[in-house]
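Chain by chain, the residues:
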Amino acid sequence: MTEQKYKFLSTPRRPVEDRRFVAGRGKFIADLDRPNMLHVAPLASHHAAAVINGIDASAALAMPGVVDVITGAELAAAVQPLMNGLNTPNVRRFPLAVDRVRYAGEWVCAVVAESRALAEDALEKIIVDATPQPFILDAEAALLETSAPVHPEHGSNLLLDRKFVWGPVDDDFDAAAHSLSFSVTWGRNSTVPIETFGVLAEWNGWDQMLDIWASIQMPKYADQIARSLDLPGNAIRVHYDVDVGGSYGVKRGIKHSVLVGYIARKLGCPVRLIEDRLENMRAGDAHGPERKFDITIAFDQDGTVRSMKMRALDNAGAYAGRAPFQLGKPISAIVGPYQINSVAYHALSVTTNKTVQEAVRGFGQAPTNYAIETAMDRVAEYLGMDRLALRQKNLIRKDQFPYLIPSGSYYDSGDYHAVIDKVLAAADYPAMLAERDRLRDAGMMAGIGIAACLEPSGGNSSFEPLLNQSNQTSTWMESCQVNIDALGKLTARIHTTSSGQGHETLVSTVLGEVMQIDPELIRITRPNSLESLPGNSPVGSRMAIMLGGAAARAGEKLKAKIMAIAAHRLGVAIDQLRYEGGDVLAHDGRRFTWDEMVELAHRQYHNLPDGMDPGLASFDIMQVPTGDALPVDDKVQMYPCYSFEFHLLLVSFDPIIGRPDIHSYVIGHDCGTVINPAIVSGMTYGGIAHGIGAALFEEFAYDTNGQLLTQSFLDYLMPSSHEVPAIQIVKHCTPSPHTVFGQKGSGESGYLGAPAAVSAAINDAVSSLGIHFEKLPIRMSAISDAIAAKTS
Amino acid sequence: MNIELNGSEQINTSPVNLWESVIDPVVLQRAIPGCISMTETGEGQYQMTLELKVAAVGGSFEGAVSLSEMNPPHSCIITVSGSGTLGTGGGNATVAITEGDDGNALISYQAQGEVSGLVAGVGQRILMGVAKHLARQFFAALKKEFAAA
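Chains S and B, in that order, give the protein sequences. Residue 107 in this note's numbering sits at position 107 of the first sequence, and the numbers go up by one each step. Positions in the second sequence are counted from 1; adding 1000 to them yields this note's numbering.
Isolated chain B, as found in the complex (with noise of 0.2 Å):
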């Protein structure tokens, strides 16, 4: 099934801060629900595992995320693929960042993916309130990285 997401997000640091951490595999993996481990495997490519539940199926994926079209620090395109036991995933987000009135960042992406396997099958009646439940879980995790600072 398809999967749409849209939406921004305000962050309390400047646009390069936040630029450096969506970048950095460390801080991702502390912001990316259920990962598991991310590791840089060239530039702007990592290698992603993650421990993910969706209704009463659970499992673990393996992912390649790649990061493209780079314009520091204003924009990229995000491009993620994965499989798993739960099933396959594939999908893209196009991100900006932007300046506010009060200097801290803003973060907007549109994100559209393709899922198949058993959490299509099973998870769609459940799975865009999960995707955007997961798009929270990220997003609260980035705004303690800096509410911590």
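Just chain S, same shape as in the assembly (with noise of 0.2 Å):
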């Protein structure tokens, strides 16, 4: 049905971006050279935690090529700390150690040198005399009284620390017939991009402004720069047209940024720091969330659930930033697809001595989506019930849409029932769980994973004012402005970097459906921050919804002045008219065409309708949908549109070595109308892969010194085609109200859901010995060890 709908819109064509990046002439931080440009090497800490007495870099100084030291005392000095989420003014971050360290690999002074290679060979002669101090790098033992504050001025180690309850939980509990508690871990991983994150700044004093190309994604980044460098906002310029080489969140080198600009302001030189992968890892300050859940949920005999406590405890790392909204984001999905009537959320996020926590694919969603399933699994474990019944009876139904949660939000839309049953139906789930017992007889383990899962998209950045109540935000807007030139062509302007997101698909498609316009036609620039309109960037699985929004307006505003060209020149009523490819239709048969209509707007100011400004020119400034109030007693609506998937695979391994196989593994996905199709399946083959990867092998683990032992990825283990195997994606679409053309967002599909089915598999394939996986990654010799430990 939207294949005739739609001429452009769900139609399969080419991603805009594809020719440049398939052809190598993608541009990106690293293809950007500027005269006498200098390189910056950032010097790393050996210790997990130190007082800094001292740093000797005399004889660095005097290498030949290297131009100046930059200390964490001189930055503090100049520039102002970096931004912090919560209110939390003692936990100061700076783009260098000021005084100590706080976690092994945090920079503590940056040599600049007229090659990066000059500069990494002086850091081998900088002398730091430190003293190590006590570190913490467990969560739990953070919050002990008796632990050393990361940050003493700060007074603990607690950066949040809220109890939301929604609903009667107490009610709720006495009323249910069993309750069972259970604790999951997630561990620390992150997108980890093949691009580093660089950034190179130039200042030019005559004019006083500061240019940056950066590989970025980041919102408000040219402000935050300004505010750290005490700069007026419009005296920084971000060109937007650097391409990004992955990011899903992590992308966000605003320490490094802040550096740079500051260095490259000093000297008056191009600056440029490209982080190498050890500084990435280690020190690029783009963890994801490591995350214990303690959960008890309350349910009747016949697998109902009514009500559920979860505890969320979050390492944040060493500084604050914005990781402990990554707490905030899952309020807005805190049932996932389940009618659950109540819930009790503890909220907690504790610094330690690691490497600092970033926004990852889905904001602290995916691992609460795995607790939430781990619990599902748990209780049908409980009741003797079969995995797949218990979440048939609780899911929310389609006719129950919209369907308003505990916490405030209400889900637009979905039909979560018929998804399941295609999904079954695809896999042919019945073969599927003949062949698990066939495996099984083999002497194999084998076990089926489920995951039922929530993307809530379109971002409002809502989890601000309820986890900050000095924070006012309420908008999260995305602009687009059209242009027609006076040769008829369109051109559009985005106003944002892209890491893979395909925007300039997204808009040219869009507005190519709006316009009966080939998009292919369609000219999309990408200008600076200077000449841009509002925009907040490309997270929150929000550019289909915003930007795709922002586009369509915009192309419907220069429509209806089309439409008022062409009412006037002809001399009928609009009403009368109708837009066709790009010409306008009279009733009687008379057409006015494009190029009439181009030449009027430009040229023929005497033929335009009285008091109508010449060009064909628009733009859109959208607000989020449904984003229009604060919170209210503690719940507010978060995102406007909820995307569903739904995963079922099978998995297998020897008892003995323990490696899982995943045999096959199917999807389905309803994300609302899908702009384009390649892009959106792209999306989630690459988040169940990354999916997998959080399930068996990502981990930044570390030593008992606070020693990040996973700093290369001879160590920090991805998944490779080995590992992932074909996947199936089952689609299906139901419209968002919310969004101009019914759809949502997807840019996290896969990933929120892989990680808890891929743990569900391994968990129903030990079931029989009584084994319960607990952590992730679940690793090849944890399962083996737990086997061993059973069986011996």
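Keep in mind that the hints were calculated from the coordinates and are not lab data. Keep in mind that the hints are not guaranteed to be accurate.
[Stated by the list, open to error] So these bits of chain S aren't anywhere near chain B, every CB distance computed over 10 Å:
hint, residue
1, A44
2, I55
3, R282
4, Y338
5, Y410
6, D428
7, L433
8, T475
9, S532
10, D613
11, Q707
12, K775
[Said to hold, decoys possible] With the Cβ distance kept under 7 Å, some of the chain S side facing chain B (calculated, not the full set):
hint, residue
13, H46
14, E124
15, D703
16, N705
17, L709
18, Q711
Just so it is clear, CB atoms sit at the ideal spot from N, CA and C, and this is done for glycine as well.
Two chains, two frames, a set of hints: combine them into the complex.
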């Protein structure tokens, strides 16, 4: 049905960006070179915690080609601390360590030299006199009053401690026939893009302008640089036409940018810093959540889940940043896709002597989905009930939308049961069960994993005012400008960098659909921040909704102007006209062509309607749908749209070796109206691969001395094509009532449910032994050790 | 990460000769793998510069070595601390020299250390192997000192 409805939308069209990427003609930060550019290499702390007594850089400064060595003390005197999401003014963070280091790898000082190689050589000559201090790695231990605070000025390690009660939790627990408790832990992982973070800054004193090129994906990036450097907002010019080689949340090198901006201004030279792999892994400040869940769930004998108590303790690492907010986003889908009447949620975030946490794909939703889905499996196991039947019983039904969850968000639309039915049919579920049993009979451990999860999308950043009462944010707008030139061609401007989301494809497709013009003929430009309308960058799975929405609305405004010109020219009422492929047709058959319209608008003011401005341009600054209010009584509508995904997979492994082999993987995905099928499928495939990594391989592991053990791809394991099976995507479309075409978000698809599903499959495989794996990643060594302990 | 290293080696010389050698900076500089310089800064105190390569990472170390609880020619404790581009490390070794039946010296050692920084993070999977390898190199060089004599 959607196939007929749209001309360009939802049709298989090659993403615009692919052409230059496939040809190797993308423009990444490492491709940018400026005359007389200097290079930066940061010196990493060897200690997890230490007081810096002194830094002797004299030998480094004496080396040829070395221009400067910047210390934290110098920087702290010259720039403002980096922004924190919560009101934690005494958790101060500067690009370089000031007086003390708080994690192994933290930048102690930075060498500026004529080449990166010279800068690295000079690092060896710097002598840091540091006295090691007690440190803390475990989040529960960090909570103890006896533990030394990572920031002594802050007084404790606690960044966030909020208790929410939504609905009659006590009553529901009293009324429920059963309850059970368990704990699970989401291990510290992240996205680790092949392109590490890089930034180039250039100061022009005559213009009083700091130009920035960066592989960035960050809301309000230019503003943050201006605040830190005490420069006017219009003295920072961030160039958005830089391609970003992967991100999924983590490309937020604000400390790198402030450092490089400061150096560029101080020295009056272009300065570039590109992390090497080790710097990226240990000090890119881009680790994801590390979260322990303690859950108690109340339910009836028939499987009805009534209420849930969840304590979530997140290990934020050495500084605050926006990390605590990653406990906030999941509030928008705290009951998953289920009818759970009440929830008590205790969100805790603590500092430890580990690398700083940053936003990662889903902004904390994937860990919470893993916890909720584990709860559903535990309830089924407790009752001896089929896991699928338990879910089907508790899922929100199609006729219940819009559905208000206890924490205050309405889910917009969905048909979860239909998606699951489609997946079961596509996977041939009975055959899958039979295959599992056949594998078991053959001596293998085999299990089926199931997960039903939501992707909140179109973010309004409402977790900010919810978790920080002094924050009054109630918009997270996005904008688009459209212009038709005097030769009749369309150009649209978008106001952000792209890291693989396909924004050019998105906007050209949407505009093409609205204007009924071949998207191939529409030019998309990415100007700099000073030539841009307000926007909030591609975070929170929002661009299809927000940038797509703004582009469509800007197109509609242009179309309205075209119709008014046509009505005036043809002398008929607008409602007697029909827009068709750029031309306007009157009911009597007369045609006002696109070319005539362009001629009039650009050259014949006398033929335009009275009072109409000449030219053909429009713009739209779009507010997040449904996101119009601040929280009341700890409740708020956080996201307008909720995409649904249902995962089903079969895993087996040898009981002695314990190396999981995924036989088949089917995902049902409903993200409303799809704009570009290839982009959505690509997101989903990649998301599942990433989720398999989180479930089985990827972890930033520390030794007992606080040293990061997984700093390279030799140790930080990621799934390859050997570990990722062929994935079958089963599509379903329940349009959202809140968006221009019914589209929902899909930038986090796959990742939000795959870790839960893979964990469920492994746990199903060992269920006969009474084993529960309660921590991700579930390494093959953990599997074989657990089985050996049970069977020997 | 923490490292432990134990072992014993037979050296074809008398305990007294061996003792004299292992407190002689000139001999030590020749025997310690990657040692660029070794200078005595006080009674039983040495300053040392090393150039080492561990896995894909190489760099220089500046270290201080001190000998304590010296009981010539029988035993002592060697304490080492150093730092460089690869990381920071420290540790101590209890060294005992005994006389074998053939009059030759038998040196045994029990060492434990802790390293941090890049060498701990990147080199962890091979660090024990490297430590053993360096110890073997040291003793091979030491043996050579007396083979030549």
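So, going through the hints one by one against the coordinates:
For S:A44, the non-interface assignment is contradicted: its Cβ lies about 7 Å from the closest Cβ of chain B, within the 10 Å cut-off. Non-interface status of S:I55 relative to chain B is upheld: no Cβ of that chain comes within 10 Å, the nearest being about 13 Å off. Listed as outside the interface, S:R282 is inconsistent with that label: its C-beta sits roughly 7 Å from the nearest C-beta of chain B, within the 10 Å cut-off. The non-interface label for S:Y338 is consistent with chain B: the shortest C-beta to C-beta separation is roughly 42 Å, beyond 10 Å.
Against chain B, the non-interface label of S:Y410 holds: every CB pair exceeds 10 Å, the least being about 47 Å. Every Cβ of chain B is farther than 10 Å from the Cβ of S:D428; the closest lies at roughly 43 Å, confirming the non-interface assignment. The claim that S:L433 lies off the interface holds: its Cβ sits roughly 41 Å from the closest Cβ of chain B, which is beyond the 10 Å cut-off. Remark: the non-interface label on S:T475 is consistent with the geometry, its nearest Cβ contact in chain B lying 43 Å away (cut-off 10 Å).
Its beta-carbon lying about 40 Å from the closest one in chain B, S:S532 satisfies the requirement of being farther than 10 Å from that chain. In this structure S:D613 is separated from chain B by more than 10 Å, as the shortest Cβ-Cβ distance comes to about 62 Å. A Cβ of chain B approaches the Cβ of S:Q707 within 10 Å, the least distance being about 4 Å, so the stated non-interface status is violated. No beta-carbon of chain B is positioned within 10 Å of the beta-carbon of S:K775; the least distance is around 21 Å.
For S:H46, the interface hint holds, the least distance from its beta-carbon to any beta-carbon of chain B being 3 Å, beneath 7 Å. Hint status for S:E124: holds, given a least beta-carbon distance of 4 Å to chain B, under 7 Å. Interface hint status for S:D703: upheld, as the beta-carbon distance to the closest one in chain B is roughly 5 Å, under 7 Å. Of the supplied interface hints, the one on S:N705 holds, with its beta-carbon coming within about 6 Å of a beta-carbon of chain B, less than 7 Å.
A cut of 7 Å between beta carbons decides the hint on S:L709: the least distance to chain B is about 5 Å, and the hint holds. Interface hint at S:Q711: satisfied, since its Cβ lies 5 Å from the closest Cβ of chain B, which is below the 7 Å cut-off.
When held up to the earlier numbered hints, the structure conflicts with 1, 3, 11 and fits the remainder.
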